[in-house]
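> Residues per chain are reported as follows:
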Amino acid sequence: MADVLLRGGRVIDSNGERRADVLVAGSKVQAVAEGLSAPTGALVLDVGGCIVSPGLVDLHCHLREPGQEESECVETGTRSAALGGYTAVVAMPNTDPPVDSGSMVRDLAELGRSSLVEMAVAGAITVGRNGSRLAPMAEMASLGVKIFTDDGAGVQDSALMRNAMEYAAGIGVTIAEHAEDASLAAGGQMHEGSWSSRLGLPGSAAVAEEVMVARDLALARLTGARLHLMHLSTAGSIALVRQARMDGIQVTAEVTPHHLSLTDGALASYDPNLKMSPPLRSAEDVNAVRAGVAQSVVDAIATDHAPHPLEAKEVPFADAANGVIGLETALAVALTVLVSGSGPFIADVASGEDACVEGASAALGAPPDGAVGASGLLGIQELLALMSWKPARIACLDHSQGGPVVPGSQANICVVDLDAAWVVDPDRFASRSRNTPFRGWKLFGKVLHTICNGEPVVLDGEPQR
Amino acid sequence: MDPSTTVIAGKSSLRNLLSVNDLGADGLHEMMRITDFFAEVSARPIPKVPVLRGKTIACAFFENSTRTRLSFEAAAKRLSADTMSFGVSGSSISKGESFKDTIMTIDSLGADAIVVRHPSAGAANQVARWVSKPVVNAGDGSHEHPTQALLDCYTIREALKEKSLSGLRIAVVGDLSHSRVARSNVLAMSAMGAVVTLVAPRTLWPASLDGWPVHEITCDLDPILAHTDLVYLLRLQVERGAGGLLPSLREYTATYGLTARRAAMMPKGALVMHPGPVNRGVEMSSEVAEMPTTLVGHQVANGVLVRMAVLYYLLAGPEGVDAMDVSRDASVLSDAESASLVALDG
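Going down the list, the sequences are from chains L and U.
Here our numbering is used: the first residue of the first sequence is 3, the next is one more, and so on.
Here our numbering is used: the first residue of the second sequence is 24, the next is one more, and so on.
Any given hint could be a false lead.
What the hints assert, rightly or not - What follows is a list of derived Cβ distance ranges for each label pair:
#1 U:T241 / L:G174: 19 to 27 Å
#2 U:C242 / L:Q158: 50 to 58 Å
#3 U:S131 / L:S116: 38 to 46 Å
#4 U:G267 / L:Q158: 39 to 47 Å
#5 U:D233 / L:E71: 51 to 59 Å
What the hints assert, rightly or not - EDC-like mimics (lysine to aspartate or glutamate), calculated; alpha carbons at most 20 Å apart, straight line:
#6 U:K156 / L:E316
#7 U:K123 / L:D421
#8 L:K444 / L:D421
#9 L:K315 / U:E120
#10 U:K184 / U:D105
#11 U:K156 / U:E185
#12 U:K123 / L:E313
I should point out that these hints are in silico values taken from the structure, not numbers from a laboratory.
The beta-carbon is built from N, C-alpha and C at its ideal position, and this holds for glycine as well.
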């Protein structure tokens, strides 16, 4: 593997920002300084004006292998991740069969050999994700699993969840929850509110999420377990986590790019690519989630990358699968809607909004904004913290991921051109699926290069394998 | 959020009828006027005109329906259009053919307009994205049923012998939350000047009334009856009485059923409507169903006329509507020519 010299970039990591060249040799960062000279045979990349950051870490993606390879597989999903600037992902266990045993963890480790980035596997909390019996968490933990979740559904049985937390606390792993009370959410196809009432789509109320968040926080307080709350989407959930922090409960929380950028008003188009769980929420919820991000109530932005084939989405809304993909758009969406100074994106996001609320005239009443514009809530370093080093710590990947770009550190790096504008074209995605809610959006911030364990897996926006 | 402030498709731009909002107040009045014309046609000895001769109208019904489907088919035939009909049973849907593939098949078979009914909200909007031909929403989940609202407004106008519903006090009673008829009618009645009150137990209220042009919503029917000119009863699916949303059908009927006792509390001459089919003894008693001021039969009859107007409007376009005005008494639409064309068809 040739050495790589990144010349002229702005290095931003948990230590701060500085202008420096970065020399990668083997799998490690060898030198970080201004005016480095290139060793013979090194690949020299001019990254003048670009951000050089620790690689991004996604706490939440669905790679669909084994069992749903028509949607995605480890190779395509991690290629998609690398293109998005990620050098590590946590694969959710709701595969078919689910990851609920030591042998499945070993199978996934084998499949992970086709991964372009570091791939960690989350295990299921219950056998078959059926919510009735604890899965062998200790066996899976002994094989390196750090996070357990029944994602796709919440653990409905409160007594079983208490036991899962007790057990997890004992073996030092994290319980991650898809917070959704199934009885309250039953039949829901979108957020319950003024838009569901007009559009005639059955609603799923914010309380379906908040009831379970409140329960889990109470159980975490009781058991002392580490709790990670996934894809929080409501103002009430953010308020509960804020209070729990003050009460000293060990809790972390993630939110998704789509819940930061789209509201339920976009559903006026009845586009099944806007159907996901939890659903797109009201503008008040989006603002509260953003405030949670700005005020460090939220620890991570995670994609919930959920690929589905066309035949699961080009169907009547009621029959469409839940979920959107996000690995190749997450950073740019977050930059565009959260970070100031990334470009004149308010007007441009508004044009994306036009695209996503097409057909709104067919709804009752006039549409409110289906997309929410730039807010200037975060600095670039704060955003990278939410997408790289903070999630790396939650996933216990911080020995190799998210660390500062200093000599001797593992060479997991992404290079981002903040000023580059691009239009989302799902037909160009490396993902096997196309179900993005951002088709046609003009975004700012493009990942140019991704270096994973010293290997340039993406160069100039093109995957190298 | 008043629908009258939304962008209203002028008559030159109406391509599909997916929602009452596609028409707006002006479009609703225009459609009433065209329906008047087809009412006159339908009163002729041979109630058929050759205006859509050579056109094919597809009725794609992904949900069971008797009256709406027959009504659209009758309307198409009276306009001399050919029809293609599709229902869920006995179709390739039962062999697993997808919604989109079925629609594309109908499109390829040469339909000039597609009438869609589907149990999923937004299905007609999806069809309108896939095909370039006019699409008529004949009911999509709990979203809308715009031709039902048109026929209801036409029926009210006919009963009142008035051109508008200005100031008419209407109570819409029943399963508001799940009713496409309620959504379309609230928009249409209010755009035509009526003052609409919604009545239902809380468990059947919509989650929000933001954007609903209504006067008020209440759980209590009896106190408003004395100030109500028209009670519009929504059909209650009997499974709602299973205990989850309503304690029982008996309790619903006791609280919201229109009995002779309740009908007597309304002003003299007050009207009663229901989109059908009526669950007698649930939404209304048999006595009320038989009252002369109960317009259910008129609603069904007017359904054909309104659907003639909608199909003609979408397929003949504004030029066709204008031509119709100038040629009202001309030979194009005369009984004699209709008769001869019918004879040729035969």
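> Cβ-Cβ distance between T241 (chain U) and G174 (chain L): within 19 to 27 Å?
violated, 57 Å
> For the pair we were handed, K444 (chain L) and D421 (chain L), check the Cα-Cα distance against 20 Å.
holds, 12 Å
> Holds or violated: 51 to 59 Å for the Cβ distance of D233 (chain U) and E71 (chain L)?
About 43 Å separates the Cβ atoms of D233 (chain U) and E71 (chain L), which means 51 to 59 Å is violated.
> Using the Cβ atoms, figure out if S131 (chain U) sits within 38 to 46 Å of S116 (chain L).
Cβ of S131 (chain U) to Cβ of S116 (chain L): about 41 Å, so the range 38 to 46 Å holds.
> Between K156 (chain U) and E185 (chain U), is the straight-line Cα distance small enough, at 20 Å or below?
violated, 34 Å
> Can you tell me whether the CB distance of G267 (chain U) to Q158 (chain L) sits inside 39 to 47 Å?
violated, 18 Å
> Would you check the hint for K123 (chain U) and D421 (chain L), treating anything up to 20 Å between C-alpha atoms as holding?
Given that 20 Å is the threshold and the Cα spacing comes to 40 Å, the pair is violated.
> Can the restraint linking K315 (chain L) and E120 (chain U) be considered satisfied, given a maximum Cα separation of 20 Å?
holds, 15 Å
> Straight-line Cα separation of K184 (chain U) and D105 (chain U) no greater than 20 Å?
violated, 34 Å
> Please verify whether K156 (chain U) and E316 (chain L) have alpha carbons no more than 20 Å apart.
holds, 19 Å
> Given the hint that K123 (chain U) pairs with E313 (chain L), does the C-alpha gap stay at or below 20 Å?
Holds, because 9 Å separates the two Cα atoms, which is no more than 20 Å.
> Can you tell me whether the CB distance of C242 (chain U) to Q158 (chain L) sits inside 50 to 58 Å?
With a Cβ separation near 32 Å, C242 (chain U) and Q158 (chain L) fall outside 50 to 58 Å, so the hint is violated.
This entry does not satisfy hints 1, 2, 4, 5, 7, 10 and 11, going by the numbered hints stated previously.
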